[in-house]
Amino acid sequence: MPVPDEDMPLPDEDATLAHHLGAAAQAVGAQGKLTRLVAGRLKKDVLEIRLGTGLAPEAALALAEQMVVGCVPPLAVVALPDGGHAVRAVMGTGFGGMNPAVVTLTVTAADGAGSTVLVRGAAKEGLIKQRGGQRAVEGIVSRWLAADPTAGPETDLPD
324 MPVPDEDMPL
334 PDEDATLAHH
344 LGAAAQAVGA
354 QGKLTRLVAG
364 RLKKDVLEIR
374 LGTGLAPEAA
384 LALAEQMVVG
394 CVPPLAVVAL
404 PDGGHAVRAV
414 MGTGFGGMNP
424 AVVTLTVTAA
434 DGAGSTVLVR
444 GAAKEGLIKQ
454 RGGQRAVEGI
464 VSRWLAADPT
474 AGPETDLPD
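Our numbering applies: residue 324 is where the sequence shown begins, and numbers increase by one.
Simulated from the structure, these hints should not be mistaken for laboratory data.
Keep in mind that this is a model prediction, so the values were computed, not measured.
We put the beta carbon where it would ideally sit given N, CA and C, even for glycine.
Heads up, some of the hints might be wrong.
Estimated spans, in silico, between C-beta atoms of each pair [claimed, not checked]: (1) 338 x 379: 29 to 39 Å; (2) 473 x 337: 28 to 38 Å; (3) 470 x 436: 14 to 24 Å; (4) 472 x 431: 12 to 22 Å; (5) 432 x 392: 18 to 28 Å; (6) 377 x 452: 34 to 44 Å; (7) 419 x 379: 31 to 41 Å; (8) 395 x 449: 12 to 22 Å; (9) 333 x 392: 28 to 38 Å; (10) 395 x 435: 34 to 44 Å.
All chains should be built: construct the whole structure from the sequences, respecting the hints.
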């Protein structure tokens, strides 16, 4: 498990998406630099779902890290000024996992007992709407709810 770094900011969401889209383009023989430039101008598909859990913040952070195991790049865990922690990683969505989505799980202590977890997903959208950010969040929330019987959404889940 990575140790939270209080001095390191979270990697920029847009720059990370542009970088990974360029790398995916190069992998199939396209122009990576041009893809990165175009990616910067594309709209983002973003979804955020807030979960409440009975887990202590340390246990919720450990589960957040488990939710993004296997994602690329190696996950970043950052201590936030408010005492919470954020975990950020990139996961593949869409056809063949070629559409990168940046996922961020922010864990904070809840009022009283337990924790609050904000799950955010963002992906670039081109002409073909893949809803990568939405699908990434839905997958993580589904796995979280299966792993943590004390958790429940604080916001309505999408249909």
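Each hint, compared with the structure:
For residue 338 and residue 379, the Cβ-Cβ distance of about 33 Å falls inside the hinted range of 29 to 39 Å, so the restraint holds. Checking the proposed 28 to 38 Å range against residue 473 and residue 337 shows it holds: the Cβ atoms sit about 34 Å from each other. Between residue 470 and residue 436 the beta carbons are some 19 Å apart, a value that agrees with the proposed interval 14 to 24 Å. As the Cβ distance of residue 472 to residue 431 is approximately 21 Å, the hint placing it in 12 to 22 Å holds.
Between residue 432 and residue 392 the beta carbon distance is about 24 Å. The supplied range of 18 to 28 Å therefore holds. The hinted range of 34 to 44 Å is satisfied by residue 377 and residue 452, whose Cβ atoms lie roughly 36 Å apart. For residue 419 and residue 379, the Cβ-Cβ distance of about 38 Å falls inside the hinted range of 31 to 41 Å, so the restraint holds. Range check, residue 395 to residue 449: Cβ separation about 21 Å, and the 12 to 22 Å hint holds.
With their beta carbons about 18 Å apart, residue 333 and residue 392 fall outside the hinted range of 28 to 38 Å. Between residue 395 and residue 435 the CB atoms are about 37 Å apart, so this pair conforms to the stated range of 34 to 44 Å.
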